[in-house]
Every structure is written in C-alpha cells, then in structure tokens.
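**Q** Start from the sequences, fold in the hints, and give me the full structure.
Protein sequences, first through last, are from chains U and V. Using our numbering, the first residue of the first sequence is number 1, and each one after it goes up by one. Using our numbering, the first residue of the second sequence is number 1, and each one after it goes up by one.
To be clear, the hints were calculated from the coordinates, so they are not data collected in a lab. There could be a bad hint or two in this list.
[What the hints assert, rightly or not] To spell it out: a stretch of chain U is covered by chain V in this simulated footprint if at least three of its residues, at any positions, have a beta carbon under 8 angstroms from a beta carbon of chain V; those stretches are:
1) 7-20
2) 35-41
3) 158-167
[Stated by the list, open to error] Sample of chain V residues facing chain U (criterion: CB under 8 angstroms; computed from the structure):
4) L28
5) T39
6) T154
7) E166
8) N167
9) I179
[Stated by the list, open to error] Derived CB-CB ranges, DEER-like:
10) A165(U) - D67(V): 20 to 26 angstroms
11) T20(U) - P75(V): 38 to 44 angstroms
12) V78(V) - A113(U): 24 to 30 angstroms
13) V78(V) - N27(U): 23 to 29 angstroms
14) T154(V) - A165(U): 49 to 55 angstroms
Ideal Cβ positions, reconstructed from N, Cα and C, are used throughout, including at glycine.
There are 2 protein chains.
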Amino acid sequence: MRRIALALVHYPVLDRQGATVTTAITNLDVHDIARSALTYGLCKFYLIHPIAAQRQLVERIKAHWIDGSGGRRIPDRVGPMRLVQVVPRLEDAVLRMSDETAPLLWTTSAGGATQEQCLSHYRAARLLQEPGPPVLLAFGTGWGLSQPIHQRATNRLLPIRSVHAENYNHLSVRAAVAILLDRLLGDRESSAPE
Amino acid sequence: MRRIALALVHYPVLDRQGATVTTAITNLDVHDIARSALTYGLCKFYLIHPIAAQRQLVERIKAHWIDGSGGRRIPDRVGPMRLVQVVPRLEDAVLRMSDETAPLLWTTSAGGATQEQCLSHYRAARLLQEPGPPVLLAFGTGWGLSQPIHQRATNRLLPIRSVHAENYNHLSVRAAVAILLDRLLGDRESSAPE
Numbered sequence: 001m002r003r004i005a006l007a008l009v010h011y012p013v014l015d016r017q018g019a020t021v022t023t024a025i026t027n028l029d030v031h032d033i034a035r036s037a038l039t040y041g042l043c044k045f046y047l048i049h050p051i052a053a054q055r056q057l058v059e060r061i062k063a064h065w066i067d068g069s070g071g072r073r074i075p076d077r078v079g080p081m082r083l084v085q086v087v088p089r090l091e092d093a094v095l096r097m098s099d100e101t102a103p104l105l106w107t108t109s110a111g112g113a114t115q116e117q118c119l120s121h122y123r124a125a126r127l128l129q130e131p132g133p134p135v136l137l138a139f140g141t142g143w144g145l146s147q148p149i150h151q152r153a154t155n156r157l158l159p160i161r162s163v164h165a166e167n168y169n170h171l172s173v174r175a176a177v178a179i180l181l182d183r184l185l186g187d188r189e190s191s192a193p194e
Numbered sequence: 001m002r003r004i005a006l007a008l009v010h011y012p013v014l015d016r017q018g019a020t021v022t023t024a025i026t027n028l029d030v031h032d033i034a035r036s037a038l039t040y041g042l043c044k045f046y047l048i049h050p051i052a053a054q055r056q057l058v059e060r061i062k063a064h065w066i067d068g069s070g071g072r073r074i075p076d077r078v079g080p081m082r083l084v085q086v087v088p089r090l091e092d093a094v095l096r097m098s099d100e101t102a103p104l105l106w107t108t109s110a111g112g113a114t115q116e117q118c119l120s121h122y123r124a125a126r127l128l129q130e131p132g133p134p135v136l137l138a139f140g141t142g143w144g145l146s147q148p149i150h151q152r153a154t155n156r157l158l159p160i161r162s163v164h165a166e167n168y169n170h171l172s173v174r175a176a177v178a179i180l181l182d183r184l185l186g187d188r189e190s191s192a193p194e
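**A** Structural data, given as structure tokens:
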C-alpha cells in the first residue's frame, strides 16, 4: 500500500469571519489524531505550526509520552506518539515525505466546494489501494484550511455531509479526521454485508 | 426513522487493570460528541455520571454554551449543546427515552467479545433503517463499559477493528463515537460508488 500521512495545519487557516489566522496547539488533538493515525496505518502525523514555542510544546508532549512518565504509566500511547512530527510549514511535511516522488497533497474541508471539484470518499479509497506516490492528507484547525492551500492540492476531498442536520457542518477536527480515515482506509469487512 | 440516542458512561467503567471505576467528565467529550450527535441526527446525548458535582459541571458547560457568552460568540454550539442531558445512571437515560416502549440498549467496546456475540455495523445500520423501538447506544469512558452493562444490553456492536495495526485498539472515545455513528448513520452516497 502507498505511504499515507496526515497533516494538521495551524497556519494558514480561517477564523469564523474568514480571515487567515494561526491557531494554538490543542493537546487533545495531538493524542486523538495520533491514536487514529496508528489505527488506520498512517506512516506519520505532521503537526504544522509556524511558532517555535508551540512546536516546543509538542516536543515536550511527545517526550512525556515516549520517554517520560506518561509512557511508563500508559504504554499504549508510545506507538501513536512516535508518529507525531512537528514542522513549521506544510511544505516541510511534503519534503520529509518525499522519496523518489513528492507526495500528492489531498485537502479536506467542511464545505465551500462543489461536488464536481471534489474527490468522493469512495473514489479516494479506491485510489489509495492502487500503487502510486505517497499521499499527504491535510486538515485545517479553526474554520478550515485557507484557499491557497486548497489551490496547491492535487485533490480536494468531498466534505463529510450531514444527511440529518442540513446546513450543520461543524464536526470537531478530531471527529472529522476519524470519520475520513475510516471512510478511506477502514476495515471494509465490518461495514459490508456478511 | 427510529429515535436514536447516545449515552457516554462514566460509571460503571473499567480502568486499565480491569477494576470498576468512575471517570471524570472531560469537557472536550461534551463538545465533540454533542457535535457528532447533531451531525448524525441523534435525538439526545446522555452523559451518565453518579456524582452530583460532576453533573453540575456539565450543567454549567451547557448554560455557558446555550444561554451564556459561549453561545453568543459561537452560535454553532447552541444546537449540539441542546442535545446534552446529564443523568446519574444509565437506567435514567433508558427511562427518559421510553415512550410506549423502552429503548433497545446497544453497547460498544474496543474488544473482548467474539464475532458471534456481536452485531456487525452493516447489520446494525440496516436495523436502524427499519421501524422499531428507539435505540440507546452506550459508550464507555476509561477502558470501556463494565461487563454487567454489556449483559443488560439487547445487542453488543462489533469493535472498530484496525486492519493496519494488529492488536492496537486504543481509539479515543471521541473518535470511536464519530466512526461508529458514521458507519451506522452516515451519508451512504459519498462512500458508495457513483
């Protein structure tokens, strides 16, 4: 299978008014998304943050859970935390993932794109089964990735649509990551007819 | 469609050693799971906690996001927070959900059950489309629901299995809820062939 990694972007992302901002690292994003990343076989989980003090915070969290008392107390956290890498810019994650070829960049968002522009989750899951270059899945914090990131992407995935609550598209990024990884890489057997 | 609700149980749940314990309310569980519950059309999200001070904490969180400054700043949180109900025992959620008939109790766990004992996610999704009594989906915090809760259940759902990381079954409860709601109630169109 291809190498697949996830990037959680803290800049450039949108705020509620659509302005481009930098968001703060959330401790539970690091844990939850690292655990989901290991469950679905990702090779890395990149946290993207332009501010050095915020990157150091992630390094301290990692150290606590890999070599420190956190890891001794809950050894199950060592594996997920080993996937975490923190870099200043999305480009750094792209560079680190490159081998002979650069990874494809697939972006995600909660809305704002038409069906025609986007890759369906079914089609994306099929593509990931085929041989090809690595894929970097980028998720935005705040109110989502800024437009220039989408424009740089090879593909943009369809939003996770609520069929129950029309116009409600406010999943947490932790939930959106989990759902999308399951749709793209999940165990087909337990959701398919016996 | 049937009325479907979710219960997040803080007692009786297991700790890492398999002892029965009470866990603390996690603020982000309230937010993330309420947002997922609204996305997937649930009628209620019950937080189960036997300690009055912990229930009051949830009431304060709700008030802040429904009538207080939180809701004025981020109006998108009002809808999810309105689904939240906090009760001392799982039985209270069952009673509150009952109309002519009591709800079916479906439990979830990360492991410890054989394939034969469990309802597959595909089968569960089909059942939810059929007319029938309401369904209460119970999730455990900590290391999962204690055995007596499973024994009281009408059905136990299959664990979310990692096909990539054998023996790793440590999703956060926030991620597990999101994935399971998507498998049971998600938009079939975006994950099905066009």
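**Q** Once the shortest beta carbon distance from L28(V) to chain U is found, is it less than 8 angstroms?
**A** 5 angstroms, holds
**Q** Is the coverage entry for the region 158-167 of chain U by chain V consistent with the three-residue Cβ rule at 8 angstroms?
**A** holds (count 7)
**Q** Quick check on a hinted range of 49 to 55 angstroms for T154(V) and A165(U), using CB atoms only.
**A** 27 angstroms, violated
**Q** Within the region 7-20 of chain U, is the number of residues with a Cβ closer than 8 angstroms to a Cβ of chain V three or more?
**A** Check failed, 1 qualifying residues.
**Q** The hint names T39(V) as touching chain U; please verify it with the least Cβ-Cβ distance against 8 angstroms.
**A** 4 angstroms, holds
**Q** Take the shortest C-beta to C-beta distance between I179(V) and chain U; is it under 8 angstroms?
**A** Because about 5 angstroms separates I179(V) from the closest Cβ in chain U, which is inside the 8 angstroms limit, the hint holds.
**Q** When you take the CB atoms of V78(V) and A113(U), is the distance between them in 24 to 30 angstroms?
**A** 26 angstroms, holds
**Q** Min Cβ distance, E166(V) to chain U: is it shorter than 8 angstroms?
**A** 10 angstroms, violated
**Q** Quick one: are V78(V) and N27(U) within 23 to 29 angstroms, going by C-beta?
**A** 26 angstroms, holds
**Q** Against chain U, run the beta carbon of N167(V) and see if the smallest gap drops under 8 angstroms.
**A** Not OK, violated: N167(V) not within 8 angstroms of chain U, min 10 angstroms.
**Q** For T20(U) and P75(V), compare the CB-CB distance with the range 38 to 44 angstroms and indicate the outcome.
**A** With a Cβ separation near 22 angstroms, T20(U) and P75(V) fall outside 38 to 44 angstroms, so the hint is violated.
**Q** Any CB of chain U closer than 8 angstroms to the CB of T154(V)?
**A** Nearest chain U Cβ about 19 angstroms off; hint violated.
When the structure is compared with the earlier hints, violations turn up for hints 1, 6, 7, 8, 11 and 14 and for no others.
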